[in-house]
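> As a plain string of letters, each chain reads:
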Amino acid sequence: MSDPSVITSSEAPNTDVPTDPGGPLKTDKPRSLAGDAWRDLRRNWIFWAASVLVLIILLMAIWPTLFTSADPRSCALSRQYDGPSGSAYFGYNFQGCDTFARTIHGARASIQIAVVATLLSGLIALVIGMSSGYFGRWVDAILSRFIDVVLGIPFLLAAIVLAKRLSADPQNNGVWAVTVTLGVLGWTTAARIMRSSVISAKNQDYVAAARMLGAGPGRLMLRHILPNSAAPFVVVLTILLGINIASEATLSFLGVGLKGNAISWGISIAEASPYVRTAAAPLVWPSVFLAVTVLAFIMLGDAIRDAFDPKLR
Amino acid sequence: MTDIKAEFEAVPGVDPNAPLLEVTDLHVEFRTQYGVAKAVNGANFRLAPRETLAILGESGCGKSVTAQAIMGILDSPPGFITRGEVRYRGVDVLKLPENERRRVRANQIAMIFQDALSALNPVFTVGFQLGELFRMHRGMSRADAKKRSIELLDQVKIPAAASRVNDFPHQFSGGMRQRVMIAMALALDPEVLIADEPTTALDVTVQAQIMGLLAELQQQRNMGLILITHDMGVVADVADRISVMYAGKVVEEAPVYDIYSRPAHPYAKALLESIPRLDMKGQQLSVIKGLPPALTNIPPGCPFNPRCGYARDVCRQDPPPPPYTVAADRTARCHFWEEVVSS
Amino acid sequence: MFRYFVRRLLQMVLTFFGATFIVYALMFANQDDPLQALAGERPLPENQRQALTELYHLNEPFIVQYGYYMQGLLTGDFGRSLTGRQIGDMMADAWPVTIKLALMAIVIGATFAVTTGVISGIRRGGPFDTSTLVFTLVLLALPIVVLAPLAQLIFGIKFQWFPATAGRDATFFQLLLPAIVLGSLVVATELRVTRASVAENLRSDYVRTARAKGLSRRRVIGVHVLRNSLIPVVTLIGVDLGGLMSGAIVTEGVFNIPGVGFNLFRGIRTEDGPLVVGFVSILTIVFLVSNLIVDLLYAALDPRIRYE
Chain A
378 MSDPSVITSS
388 EAPNTDVPTD
398 PGGPLKTDKP
408 RSLAGDAWRD
418 LRRNWIFWAA
428 SVLVLIILLM
438 AIWPTLFTSA
448 DPRSCALSRQ
458 YDGPSGSAYF
468 GYNFQGCDTF
478 ARTIHGARAS
488 IQIAVVATLL
498 SGLIALVIGM
508 SSGYFGRWVD
518 AILSRFIDVV
528 LGIPFLLAAI
538 VLAKRLSADP
548 QNNGVWAVTV
558 TLGVLGWTTA
568 ARIMRSSVIS
578 AKNQDYVAAA
588 RMLGAGPGRL
598 MLRHILPNSA
608 APFVVVLTIL
618 LGINIASEAT
628 LSFLGVGLKG
638 NAISWGISIA
648 EASPYVRTAA
658 APLVWPSVFL
668 AVTVLAFIML
678 GDAIRDAFDP
688 KLR
Chain B
5 MTDIKAEFEA
15 VPGVDPNAPL
25 LEVTDLHVEF
35 RTQYGVAKAV
45 NGANFRLAPR
55 ETLAILGESG
65 CGKSVTAQAI
75 MGILDSPPGF
85 ITRGEVRYRG
95 VDVLKLPENE
105 RRRVRANQIA
115 MIFQDALSAL
125 NPVFTVGFQL
135 GELFRMHRGM
145 SRADAKKRSI
155 ELLDQVKIPA
165 AASRVNDFPH
175 QFSGGMRQRV
185 MIAMALALDP
195 EVLIADEPTT
205 ALDVTVQAQI
215 MGLLAELQQQ
225 RNMGLILITH
235 DMGVVADVAD
245 RISVMYAGKV
255 VEEAPVYDIY
265 SRPAHPYAKA
275 LLESIPRLDM
285 KGQQLSVIKG
295 LPPALTNIPP
305 GCPFNPRCGY
315 ARDVCRQDPP
325 PPPYTVAADR
335 TARCHFWEEV
345 VSS
Chain C
59 MFRYFVRRLL
69 QMVLTFFGAT
79 FIVYALMFAN
89 QDDPLQALAG
99 ERPLPENQRQ
109 ALTELYHLNE
119 PFIVQYGYYM
129 QGLLTGDFGR
139 SLTGRQIGDM
149 MADAWPVTIK
159 LALMAIVIGA
169 TFAVTTGVIS
179 GIRRGGPFDT
189 STLVFTLVLL
199 ALPIVVLAPL
209 AQLIFGIKFQ
219 WFPATAGRDA
229 TFFQLLLPAI
239 VLGSLVVATE
249 LRVTRASVAE
259 NLRSDYVRTA
269 RAKGLSRRRV
279 IGVHVLRNSL
289 IPVVTLIGVD
299 LGGLMSGAIV
309 TEGVFNIPGV
319 GFNLFRGIRT
329 EDGPLVVGFV
339 SILTIVFLVS
349 NLIVDLLYAA
359 LDPRIRYE
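Protein chains in written order, with this note's numbering: chain A, 378 to 690; chain B, 5 to 347; chain C, 59 to 366.
Chain A with its partners taken away, still in its complex shape:
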């Protein structure tokens, strides 16, 4: 999940397709969708820009000290609203904390929550979407209704209620609560995509052939159906990753997300916004980082989807 190029390169081994500029479209050998998609992706600057951004953000989340040596938790009111300096590029906030250090260190909580929540959502979507699509009939009827019910609750409202409930214990800082909340509520779109691609894959001849040769449901799903449903699923999850980052910030902003001494972009924005008339930098910089991160994941998802959707070429 972390390195987007893994997703495509594993499915697209035939990168040796000649790109002869003189006579295009004359290759008679059938080209795979994944191969085509990968060739499209490689030429797409949006894909590369997004990948580079994602890598930098991941690096920031894993080794924040690579970017700053300042301690985001050492704050001194004497430095309140001090301007940018050689070490604190973005100046200090109203509590006298180093805005740059807090912004860099904020990446970790955001990324960690978003990645784990997305994996959780992906797992739920996989199980529900696949069973719904594969077994059909009453299983599908019940699960589809269930998806409708979950979609019937506005996402953020449900998240507020659930996150508030899970983080009721004042001891924890809310990381776990937010992760579970986002993971448990965010799977619906992915499940629907999974369901419809399983249904369409199920009716393909090669799946019918495998079934006649005696392949059981488990084997059919894992070996024959899943690989062909992977692309749209990965796209949805990539975009969900971006959405989760934004949702974490929103929950933290509202006060039902991270709390205590946690550092995240959402908290920084929430802390800075009442004082925006006095100092804008503590609000602006976490906002910019948050937006760029979300942008990177959405761009990545968009690029992969465009590559896999031949209709839009």
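It is worth saying that the hints were derived from the structure and are not from the lab.
Computed from a predicted model, the values in this text were never measured in an experiment.
Don't be surprised by glycine CBs; every beta carbon is placed ideally from N, CA and C.
Any given hint might turn out to be false.
Stated by the list, open to error - The following label-pair restraints were derived from C-beta to C-beta distances:
1) T169(C) with D244(B): 51 to 57 Å
2) V344(C) with W515(A): 30 to 36 Å
3) G184(C) with D448(A): 48 to 54 Å
4) V297(C) with W515(A): 25 to 31 Å
5) Q321(B) with S577(A): 48 to 54 Å
6) S189(C) with D333(B): 53 to 59 Å
7) V318(B) with S189(C): 55 to 61 Å
To be verified - To give an idea of the chain B side of the interface with chain C (calculated C-beta under 7 Å), a few residues:
8) M75
9) I77
10) R106
11) L124
12) P126
13) L137
Given the structure of chain A, go ahead and fit chains B and C onto it with the hints provided.
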């Protein structure tokens, strides 16, 4: 019918004595990111009032593109008309400015399409789609336009036209939908009607009804009809003359009787031989070997040479065979047409 | 049409019970001390504790509790907030300004999205299309928690083009900036759907027919293409309402607009559990009903559904 010819004058320079429709050396190409596809490479034919010209050929031979180029409804880009003339009563409609060209459509030259379900707008009633023609071209009120629409539906023999006028396309059967298409094409009393595979999507019995209706309306209205099809059976029944197209070229043009009895181009001959015949029952059906060339990569010389039993060296070299005159009203693009005719 | 309506209505009833059940269960099921959870970290006096136990029937089994809760919802009795006010009254107070804000946001967002989307769809691949694409990407990347404070900072405080906050009886102009912020939440998706749908419809057979009928380009696009392209956009508006509600919480909080979202925002901050549950339940109902309306609108726009 004459009162609604108000827009006739809208096409300046029309000469009533000139041929109804004359297509000369028409070239169309599609410029895509994968290369240039030459869809039409010199189409020539001529159409007189009351005459039915069939354009015959395999899928992808350029017959539909030719029709769209005549109508001026090519998707451009990627489609471009690179050369040629389309003269309606002496006026080259390709050179008309768009707003005049637009009036030629439906008023003078109209077209019906293959799949009426997708060719009709799903969210408007047929009455709206028919009446639109009268409202936009004739400035009629909605009420008048609706009255005309009902008359038209009546003329194409749709039962209970007065109530069906408010129905949506998906509420009609396939045959009835094609009748609606025909009504729409004939609304403004055009002189030329282009029918692009009008019966391909229909059942055989319905096909016959639709062809019968078309023929009847054509006689009533003195229209010239261009029938685009790959169905040799349909052609034999209704066409006066045939243009056989291959790889974007008219390879043979002849009166229907001549071409059926003694084809002059090997491709036309092969097409005829591939029709299943009752008197040949039990024998092997003859098929044309190979595939038509990719339009991005048409072979030099005669485009049919790789599949042709008569082909010799001269056929594989440029220039391609010119339209040889076989008889007074008959041409064939084959160096060895004499051999083919006599065989 | 009637059968479609009945089917959608039955589905909605089912979804309604499911959704409210989930909301209620999320809040109250399997808690050691649900009352303390409701009140969060603030101390709960014994009399309030008793009142709440009675209000939520916490001494009864869970399913009975839910029954009482549903009964309250259906009879318009949403309980009291921890401050002692009737939630129904607070809601009635807060509605007008929120509806005004939401309508402005929808109109601004949809108008902009559809207009730009249509132009983009017609000039697919051109510079206008490319710049809209970049624009939608940026919009998608700006969560409301970023957009609202930044818009307030830039347009309200720095340039002072708009009032930075709006009060109780906010004027149209005072609500304009928040409405633009809120509306921009839905712009990106609606614009993209419009664009894709216009581009697809432009290539359809019926557009070729319309051109063969000698109609002007303006009429082909403005009547034939647009009418078909709007169908998927309308369905989106229903889904978008959920996003608008979430957005309203942040937007009203930031711009100090005393609407529904603001009350909810304050309820969350002051750990007023009953208020949060009550408001969330009401908003869920509103969301479900608006989606039913959008479904019917969809049927009105697409005859293929109507005569199913």
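> Confirm or reject each hint.
Evaluation of the provided hints:
1. Between T169(C) and D244(B) the C-beta distance comes to about 56 Å, which sits within the given range of 51 to 57 Å.
2. At about 32 Å, the CB distance of V344(C) to W515(A) agrees with the hint of 30 to 36 Å.
3. Between G184(C) and D448(A) the CB atoms are about 51 Å apart, so this pair conforms to the stated range of 48 to 54 Å.
4. Checked against the hint of 25 to 31 Å, the pair V297(C) and W515(A) passes, with Cβ atoms roughly 27 Å apart.
5. About 50 Å separates the C-beta atoms of Q321(B) and S577(A), a value consistent with the hinted range of 48 to 54 Å.
6. For the pair S189(C) and D333(B), the supplied restraint of 53 to 59 Å holds, since their beta-carbon distance comes to about 58 Å.
7. Our hint of 55 to 61 Å for V318(B) and S189(C) holds, since their Cβ atoms are close to 56 Å apart.
8. Interface restraint check for M75(B): the shortest CB-CB distance to chain C comes to about 5 Å, inside 7 Å, so the restraint holds.
9. The beta carbon of I77(B) is positioned within 7 Å of a beta carbon in chain C (closest approach about 5 Å), and the interface hint is therefore held.
10. Against a cut-off of 7 Å between C-beta atoms, the interface hint on R106(B) holds, since the closest Cβ of chain C lies about 5 Å away.
11. This hint holds: L124(B) has a C-beta 6 Å from the nearest C-beta of chain C, less than the 7 Å allowed.
12. A hinted interface residue such as P126(B) counts as satisfied when its beta carbon comes closer than 7 Å to some beta carbon of chain C; here the least separation is about 6 Å, so the hint holds.
13. Annotation: interface hint on L137(B) holds; nearest CB of chain C at approximately 6 Å, less than 7 Å.
Hint violations for this structure: none, all hints satisfied.
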